[in-house]
Amino acid sequence: MTGVPGVGKSTVVKTAFKQAEEKGIDVNFDLVNFGDMMLKTAEKEGLVKHRDEMRQLPVEQQHSIQKHAAAEIRKMADSGDVILDTHASIETPNGFIPGMPEWVLREMKPDVIVVLESRPEDVNKFRKKDLGDDFRRREVDNIEGIERHQSVNRSIAMAYSVFTGTPIKLIWKPEGTLPRAAEELLGVLSA
Amino acid sequence: MTGVPGVGKSTVVKTAFKQAEEKGIDVNFDLVNFGDMMLKTAEKEGLVKHRDEMRQLPVEQQHSIQKHAAAEIRKMADSGDVILDTHASIETPNGFIPGMPEWVLREMKPDVIVVLESRPEDVNKFRKKDLGDDFRRREVDNIEGIERHQSVNRSIAMAYSVFTGTPIKLIWKPEGTLPRAAEELLGVLSA
Amino acid sequence: MTGVPGVGKSTVVKTAFKQAEEKGIDVNFDLVNFGDMMLKTAEKEGLVKHRDEMRQLPVEQQHSIQKHAAAEIRKMADSGDVILDTHASIETPNGFIPGMPEWVLREMKPDVIVVLESRPEDVNKFRKKDLGDDFRRREVDNIEGIERHQSVNRSIAMAYSVFTGTPIKLIWKPEGTLPRAAEELLGVLSA
Chain A
1 MTGVPGVGKS TVVKTAFKQA EEKGIDVNFD LVNFGDMMLK TAEKEGLVKH
51 RDEMRQLPVE QQHSIQKHAA AEIRKMADSG DVILDTHASI ETPNGFIPGM
101 PEWVLREMKP DVIVVLESRP EDVNKFRKKD LGDDFRRREV DNIEGIERHQ
151 SVNRSIAMAY SVFTGTPIKL IWKPEGTLPR AAEELLGVLS A
Chain B
1 MTGVPGVGKS TVVKTAFKQA EEKGIDVNFD LVNFGDMMLK TAEKEGLVKH
51 RDEMRQLPVE QQHSIQKHAA AEIRKMADSG DVILDTHASI ETPNGFIPGM
101 PEWVLREMKP DVIVVLESRP EDVNKFRKKD LGDDFRRREV DNIEGIERHQ
151 SVNRSIAMAY SVFTGTPIKL IWKPEGTLPR AAEELLGVLS A
Chain C
1 MTGVPGVGKS TVVKTAFKQA EEKGIDVNFD LVNFGDMMLK TAEKEGLVKH
51 RDEMRQLPVE QQHSIQKHAA AEIRKMADSG DVILDTHASI ETPNGFIPGM
101 PEWVLREMKP DVIVVLESRP EDVNKFRKKD LGDDFRRREV DNIEGIERHQ
151 SVNRSIAMAY SVFTGTPIKL IWKPEGTLPR AAEELLGVLS A
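Protein chains in written order, with our numbering: chain A, 1 to 191; chain B, 1 to 191; chain C, 1 to 191.
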């Protein structure tokens, strides 16, 4: 499950679960956040003490952390359904890096990659209202940046699919369409 | 030769052939439809009875069918020029899957990948007027979906080129530009 | 360092160097042009006599030249910092080919890929005013073509990153923003 920060990934997931319950559809997924898993890995390896330090790590170490976290997640997915909350690409000071580069992708072997997209204006509004102080300081009123990040995510997701054949599900969720977006996700989860 | 359904692939090919004849240029291509070849393969393997069932097959079987069909086409191309009518990406219930994922691409080794693009409105108009009942029921007035599919196709084609170095020829054919688009294709065919 | 012809790659690089000097930041890069290096290689191998003939070469020979030039550059980068002036994709009569296809990319292993982008109108204006006669004849007032080439470059750069994990730095430089664009580049160079 991918999408730019503030696009509403967890809300869509929760709503899809609620819809499943109402419809009596059995979906039973572990929710895993790739950022958390990477942070845990990095802390365990003594590389960082706080999430913000992750972006400052040298590229090689970021890769190594991604790999170890991916291995951990694959283990989980071997024994049950997993929704991985992650990023198609991550914005670093040196540019966009793939959330799932070749080596991660080949280990992780996701069944579907969902790319949740929304209007940049809606994402921006959500970021201003609802995200933590750190985020607010960094990214307020960055409509153009959000648009660029979404375009990058879509391109990079298509490259992922060529490697693995993994279907790329684009879900379009502008403001006011949460129920429909959640239904689309539920369709994928219950396939 | 790729492009969304209804963009006019076969019309452009036929027009290019006609232009070649008029100009005395010798082009001699077998026309192969990847969907037909996949269907034939799937029928032969007893997996489906009708084209519509193809989209319902599990992902692994779709991959296997793609592979076998690609092998068949490569054999044909070894003994003569072939234009393959196919899709850069295919829209399934679980999302877009690549028409030519890594394993297909490496076997098929196309000389050029043509991506025929048009205005979403023109494609939509054509779909309403000229395509079969099945298609009409599914896809009428889906301007936004056509736009998204074309954007996906372009991204995925660029990923193809990185694997193989295959040139990606984008041909832009809005309504009223058929002769010019056909000429562009002819340029590629007679190169 | 990539970007469509006329987007201002060398100007941004020079300005970043000047800023570095003013700020007392030590940056010490060799500037290498991939086109020049390819031309040199092709001339050495007796394949062409003039730059314009490069586009006419068969695809296989173009690949071979790319490879040899990449090997040459890697050698240079092993003994000092190098900025490579190149193209994310190259427009040939048969379509866009990747400037850094898989085999080149895996040898070259760039630390960062910069994609310099601007408004198509600004690029067009620059091409009309400042580029050589050859270019002028071919590409004047090709706003749509510039837009397409930039979109292709961005998609292809994202595919590069999936192979290698290389960060893709998009730098947006519409007219009037040279100092800011150069600062962004300097940030990458001095990282």
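Just so you know, these hints were derived from the structure itself, not from any lab. Keep in mind that this is a model prediction, so the values were computed, not measured. Misleading hints may appear alongside valid ones.
The list makes no distinction among identical chains, and a pair is therefore deemed to hold if it is satisfied within one copy or across any two copies.
[What the hints assert, rightly or not] Subject to a maximum C-alpha distance of 30 Å in a straight line, what follows is the list of computed DSS-like cross-link-like pairs (lysine-lysine):
no., residue 1, residue 2
1, Lys125, Lys109
2, Lys67, Lys40
3, Lys44, Lys125
4, Lys40, Lys109
5, Lys109, Lys129
6, Lys18, Lys67
7, Lys128, Lys40
8, Lys67, Lys128
9, Lys44, Lys128
10, Lys109, Lys67
11, Lys129, Lys40
12, Lys44, Lys67
Structure-based check of all given hints:
In this assembly of identical chains, the alpha carbons of Lys125 and Lys109 never lie at most 30 Å apart, being 34 Å within a copy and 39 Å across copies at closest. Proximity of Lys67 and Lys40 under a CA criterion of 30 Å is satisfied intra-copy only: 13 Å inside one chain copy versus 40 Å between copies. In the homo-oligomer, the alpha carbons of Lys44 and Lys125 never lie at most 30 Å apart, since the shortest distance is 35 Å inside one protomer and 54 Å across protomers. Taking the shortest Cα distances, Lys40 and Lys109 sit within 30 Å of each other both inside one copy (21 Å) and across copies (29 Å).
Taking the shortest alpha-carbon separations for Lys109 and Lys129, neither the intra-copy value of 35 Å nor the inter-copy value of 41 Å comes in at or below 30 Å. Taking CA atoms no more than 30 Å apart as the test, Lys18 paired with Lys67 passes in neither setting, with 33 Å inside one copy and 39 Å between copies. Within a single copy, Lys128 and Lys40 get their C-alpha atoms as close as 27 Å, which meets the 30 Å cut-off; across copies the closest is 53 Å, which misses it. For the identical chains of this complex, Lys67 and Lys128 are neighbours neither inside a copy (33 Å) nor across copies (48 Å), given an alpha-carbon limit of 30 Å.
In this assembly of identical chains, Lys44 and Lys128 lie within 30 Å of each other by CA distance neither inside one copy nor across copies; the values are 32 Å within and 57 Å between. Taking the shortest alpha-carbon separations for Lys109 and Lys67, both the intra-copy value of 13 Å and the inter-copy value of 19 Å come in at or below 30 Å. Taking the closest pair of Cα atoms, Lys129 and Lys40 come within 30 Å of each other only inside a single copy of the chain (28 Å); across copies the shortest separation is 55 Å, beyond that limit. Proximity of Lys44 to Lys67 under the C-alpha cut-off of 30 Å is restricted to the intra-copy arrangement: shortest distance 14 Å within a copy versus 41 Å between copies.
Of the numbered hints listed earlier, those contradicted by the structure are 1, 3, 5, 6, 8, 9.
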